[in-house]
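Protein chains: 2
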Amino acid sequence: MNLVVVGTSWITDMFISAALETRLIRFLGTCSRSTDKAEAMNLKYGGEKTYLNIEEVCMDADVDIVYIASPNSLHYPQTKKALLAGKHVITEKPIVSNMREMDDLIETSKTSKGLLFEAITTLHMPGLEIIRQHLSMLGTISIISTEFNTFSNKLPEYRSKKDPNELSLKFSGSTLVDLGIYNVYFVMLLFGIPTNVHYFANKGFSGVDLSGALIMQYPDKIAVAVVAKDNHGDNRTLIQGENGYIKVAGYVNTLKSIEIVVDKERFEFYVPNYPNHMRHECEAMFSCIARNDRQTMFEWLDLSKSVTEILQTARKDAGIVFAADSKND
Amino acid sequence: MNLVVVGTSWITDMFISAALETRLIRFLGTCSRSTDKAEAMNLKYGGEKTYLNIEEVCMDADVDIVYIASPNSLHYPQTKKALLAGKHVITEKPIVSNMREMDDLIETSKTSKGLLFEAITTLHMPGLEIIRQHLSMLGTISIISTEFNTFSNKLPEYRSKKDPNELSLKFSGSTLVDLGIYNVYFVMLLFGIPTNVHYFANKGFSGVDLSGALIMQYPDKIAVAVVAKDNHGDNRTLIQGENGYIKVAGYVNTLKSIEIVVDKERFEFYVPNYPNHMRHECEAMFSCIARNDRQTMFEWLDLSKSVTEILQTARKDAGIVFAADSKND
Chain L
20 MNLVVVGTSW ITDMFISAAL ETRLIRFLGT CSRSTDKAEA MNLKYGGEKT
70 YLNIEEVCMD ADVDIVYIAS PNSLHYPQTK KALLAGKHVI TEKPIVSNMR
120 EMDDLIETSK TSKGLLFEAI TTLHMPGLEI IRQHLSMLGT ISIISTEFNT
170 FSNKLPEYRS KKDPNELSLK FSGSTLVDLG IYNVYFVMLL FGIPTNVHYF
220 ANKGFSGVDL SGALIMQYPD KIAVAVVAKD NHGDNRTLIQ GENGYIKVAG
270 YVNTLKSIEI VVDKERFEFY VPNYPNHMRH ECEAMFSCIA RNDRQTMFEW
320 LDLSKSVTEI LQTARKDAGI VFAADSKND
Chain E
20 MNLVVVGTSW ITDMFISAAL ETRLIRFLGT CSRSTDKAEA MNLKYGGEKT
70 YLNIEEVCMD ADVDIVYIAS PNSLHYPQTK KALLAGKHVI TEKPIVSNMR
120 EMDDLIETSK TSKGLLFEAI TTLHMPGLEI IRQHLSMLGT ISIISTEFNT
170 FSNKLPEYRS KKDPNELSLK FSGSTLVDLG IYNVYFVMLL FGIPTNVHYF
220 ANKGFSGVDL SGALIMQYPD KIAVAVVAKD NHGDNRTLIQ GENGYIKVAG
270 YVNTLKSIEI VVDKERFEFY VPNYPNHMRH ECEAMFSCIA RNDRQTMFEW
320 LDLSKSVTEI LQTARKDAGI VFAADSKND
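For the protein sequence lines, the chains are L and E, in the order given. Each residue of the first sequence is one higher than the one before, counting from 20 in our numbering. Each residue of the second sequence is one higher than the one before, counting from 20 in our numbering.
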């Protein structure tokens with residue numbers, strides 16, 4: 020299976036590295052508007068071909084899998100083109116900007132030869148299963164608090180009234196959508212779809228959320244997600260129950276440091292993460308492609324859809340509108 | 020100055036101990052419906068007199084200061100009686116159940132010979148000033164998250180459909196009002212009165228909040244307070260800024276473990292807390308009485324009023340109604 024990547028940022032770099040570790044794919048080449056950047060990536064990982072745009076990738080019959088890590092607003096149109104060309108597509112989170120795009124991609128994937136995936140580490144991390152298996156030890160759970168604070172090096176640019184992609188509503192930039200998506204997946208994978216969603220945002224000059232607090236309300240529990248690109252936090256996730264709590268230190272995209280405290284006894288889990296944590300999702304998605312497992316694919320797309328709906332509801336609640344929201348195809 | 024306490028719970032015990040440490044008062048006696056309990060408290064701390072009700076305390080000319088730590092709903096009527104009798108009154112937090120009671124107490128205190136205080140440790144802890152002095156090091160602050168989770172030993176009783184005072188709407192029991200009041204004070208003392216307040220509650224059979232998440236929104240920042248009596252948490256408070264964060268480990272009623280992380284450099288403060296942390300508030304209030312400092316007293320009552328208003332707004336948002344809310348005097 021030949022892999023081509025779209026985009027040349029650090030996450031693409033990390034993805035290729037993880038992909039090669041699985042030994043399930045061959046790295047074929049890189050698509051970028053900048054041929055220099057594409058060639059540099061190819062040089063680093065042994066790619067052969069460069070592409071200037073998604074159309075060139077689609078036309079190359081040697082391409083089996085396309086990994087898309089362009090600015091968020093381009094995920095949908097590029098993904099759709101690659102799917103229609105019969106490629107397998109792995110799109111970096113967030114796979115889409117809104118529900119309209121999500122519904123369309125799911126429809127498209129039903130008739131495409133290619134499989135479609137949202138690249139979201141949380142779903143595939145060993146820690147998720149460890150947590151799931153120990154939830155019942157906590158007794159009745161009533162509070163989940165989870166955080167994703169990463170200071171953006173684009174913030175100074177934004178503060179000087181420029182509009183860097185990562186924080187631009189034109190490119191579907193949003194701290195909640197970009198970072199909070201991990202927290203939403205985490206909570207939803209463990210506790211299902213919330214009854215109510217509210218988002219309180221600290222907005223910048225353009226109306227984008229630089230940080231905020233998301234409330235996911237369930238009949239018997241409340242989850243709070245704090246997300247920020249405009250400050251430094253001490254990232255931690257807690258699941259609080261009648262008998263004790265489970266604590267994840269650090270980010271919920273890796274879930275690598277997990278402890279449980281029940282009846283005041285503390286136990287730290289061994290979490291068998293690969294050093295490159297993206298290898299877990301790569302193995303899961305590549306093997307799914309290898310066995311052409313469309314059922315699993317649609318189950319995962321269902322999760323993507325639920326998460327997209329939560330994020331869209333949250334954005335609506337806080338009045339955060341993407342350029343993509345007003346587009347018609 | 021002769022002190023009489025109303026109530027015989029652990030907090031009264033701790034208060035008398037702290038009060039005696041200040042060497043500013045003499046412990047005169049205890050008021051309780053149970054003479055046995057009153058005598059036991061007197062025996063422990065050298066009190067002489069017992070009283071069956073607040074009226075007996077009011078009639079005793081030897082009493083200078085009354086400390087009230089009865090169930091929450093009784094704070095207001097007992098405080099008012101003692102004030103009208105010309106006593107100095109220190110009422111355990113929450114000083115009142117709602118704004119009507121607050122306004123009435125402030126009016127009453129204007130003409131009373133006695134001074135009036137809400138006993139709230141946070142206001143008087145050395146850690147508060149340490150944090151205040153270092154806030155500017157964080158640069159622009161956008162997120163504050165603070166927690167107060169203490170599993171209630173009354174929860175099993177509540178779960179079996181009884182209505183223990185601490186969790187009873189009849190007695191103005193509420194997890195937010197009882198525990199979250201510390202978080203609200205903490206946030207308000209540092210950042211002032213929020214623009215918007217929302218409270219999301221996990222309610223029990225009676226409609227009382229067993230846990231919940233409070234949002235305090237400011238024009239440029241958001242504070243989230245998680246409170247719980249129905250689970251175990253890992254209590255922590257974070258103030259997150261562009262340059263780093265201040266972290267308080269443990270509860271915001273003691274503020275005894277404080278660190279600052281700026282530009283990835285970590286520094287832990289020395290916090291000069293007394294072993295009995297209530298001694299700080301005792302010193303502050305007793306010395307205020309000793310110098311008859313009504314100006315400071317009214318400044319503190321203004322804070323009590325602001326906090327009462329925030330709590331009342333939050334309760335209204337979540338539909339939590341106390342019996343005291345529908346009473347007319």
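A hint or two may mislead.
Because identical chains cannot be distinguished in the list, a pair is counted as satisfied if it fits within a single copy or across any two copies.
Stated by the list, open to error - Straight line, CA to CA, 30 Å or less: simulated DSS-like cross-link-like pairs of lysine-lysine:
no., residue 1, residue 2
1, K173, K283
2, K335, K222
3, K181, K283
4, K222, K346
5, K283, K180
6, K275, K335
7, K129, K266
8, K100, K266
9, K283, K68
10, K266, K324
11, K283, K266
12, K266, K132
13, K283, K189
14, K63, K266
15, K189, K346
16, K68, K181
17, K275, K129
No lab work stands behind these hints, which were simulated from the structure alone.
Hints, verified against the model:
no., hint, verdict
1, K173 - K283, "between (42 Å within a copy, 19 Å between copies)"
2, K335 - K222, "both (14 Å within a copy, 27 Å between copies)"
3, K181 - K283, "between (50 Å within a copy, 27 Å between copies)"
4, K222 - K346, "within (23 Å within a copy, 42 Å between copies)"
5, K283 - K180, "between (50 Å within a copy, 27 Å between copies)"
6, K275 - K335, "neither (33 Å within a copy, 41 Å between copies)"
7, K129 - K266, "neither (39 Å within a copy, 49 Å between copies)"
8, K100 - K266, "neither (41 Å within a copy, 48 Å between copies)"
9, K283 - K68, "neither (57 Å within a copy, 41 Å between copies)"
10, K266 - K324, "within (27 Å within a copy, 36 Å between copies)"
11, K283 - K266, "both (13 Å within a copy, 23 Å between copies)"
12, K266 - K132, "neither (42 Å within a copy, 52 Å between copies)"
13, K283 - K189, "neither (49 Å within a copy, 33 Å between copies)"
14, K63 - K266, "neither (38 Å within a copy, 41 Å between copies)"
15, K189 - K346, "within (11 Å within a copy, 54 Å between copies)"
16, K68 - K181, "neither (34 Å within a copy, 72 Å between copies)"
17, K275 - K129, "neither (35 Å within a copy, 59 Å between copies)"
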